[in-house]
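> Sequence:
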Amino acid sequence: MQNRSYSLNATRWQQRLRALSLLVLLGAGGTSAGLVLAQAETNASQTAVTETTVATEASTAAAVSAAPVAAPAPVVAEHTSFGVKEMYLQADPLVKSVMILLVFCSLLTWAVLLEKIFVFGRARRRNTRFLKAFRAGQPEQLGDQLEHSAMGRMWQVAQGELRHFRSLSVEKDEPDRINRLLQRIALTAGIVQERDLARMGSMMGVLATIGATAPFIGLFGTVWGILNSFASIATLKSASLAVVAPGIAEALLATALGLFAAIPAVMIFNKFARDINGFVGALDNFSAEMIASVSRQLDEGR
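Numbering (my numbering), first residue to last: 34 to 335.
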């Protein structure tokens with residue numbers, strides 16, 4: 034019984050504590066709400082005072098403006114053009130040299146593009162013409178035009194090896210001699226192929242060099258121009274934007290020229306590298322086709 038009475042008393046005290054906590058929370062909430070309302074009223078009164086002050090100042094300004102006052106003379110802003118030409122003319126001699134070099138690299142890139150378009154197009158047309166005659170069994174009809182295509186020159190050296198093989202006074206074609214003949218044809222045709230590919234790949238190293246170094250050359254001009262800008266700040270003892278801006282603009286022009294020279298060079302290099310790989314595949318296929326044709330002729334006794 035005594036323990037039960039203790040538990041009842043403890044339960045009553047817990048209920049009282051919960052009620053007291055609830056009352057404390059309600060009181061705190063009411064107090065904070067009152068403070069917020071008081072702050073809102075204070076802000077409203079300050080806003081009203083501010084609006085009254087602004088209205089008074091506006092009326093005063095209107096009254097003052099009503100009085101006859103001489104109009105000030107209009108100020109004409111002097112505008113000076115500062116384009117690419119002005120940037121180049123005002124640049125440091127070293128930065129000018131960098132710009133001239135980058136412009137030359139850009140012109141060289143476009144010249145290589147035009148030359149490669151002409152060379153690759155002509156080689157593609159001549160190889161197509163010879164391959165059509167070769168598959169028709171009439172490559173001799175091309176005559177002097179055989180020398181104009183890489184496949185024609187490969188076929189000529191192969192026919193030279195075949196004539197030399199037939200000129201030997203041997204009664205029977207041994208398998209070893211035939212294998213050596215086919216190997217010699219493959220080697221001589223490969224030499225002609227590499228020679229033509231080297232001629233077609235000329236100036237590709239120049240494109241790769243321009244694409245890799247032109248941004249850094251332009252960056253060198255940029256760094257030098259910015260150094261000159263900071264030197265001007267130290268000399269004039271002024272950090273005004275009008276003092277710094279021309280030098281920075283000249284420096285950034287060098288970077289722009291570097292990118293203008295490098296981006297087309299990289300794109301043109303990648304394009305013609307793919308074309309050269311296509312020519313390698315076409316010549317390799319023709320070499321295999323030509324060796325198969327020679328082997329067939331030997332089997333047929335021709």
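Treat the hints loosely; a few may be bogus.
Below, computed lysine-lysine pairings styled on DSBU-like, alpha-carbon distance capped at 30 Å [stated by the list, open to error]:
| # | residue 1 | residue 2 |
| --- | --- | --- |
| 1 | 165 | 304 |
| 2 | 118 | 129 |
| 3 | 165 | 270 |
| 4 | 270 | 129 |
Calculated directly from the structure, the hints in this document are not laboratory data.
> Run the distance test for residue 270 versus residue 129: straight-line Cα separation, threshold 30 Å.
holds, 26 Å
> Within a Cα-Cα threshold of 30 Å, do residue 118 and residue 129 meet the stated pairing?
holds, 11 Å
> Keeping to a limit of 30 Å between CA atoms, is the pair of residue 165 and residue 304 held or broken?
holds, 26 Å
> What's the verdict on residue 165 and residue 270, does the C-alpha distance respect the 30 Å limit or exceed it?
violated, 77 Å
Of the numbered hints given earlier, the model fails hint 3 alone.
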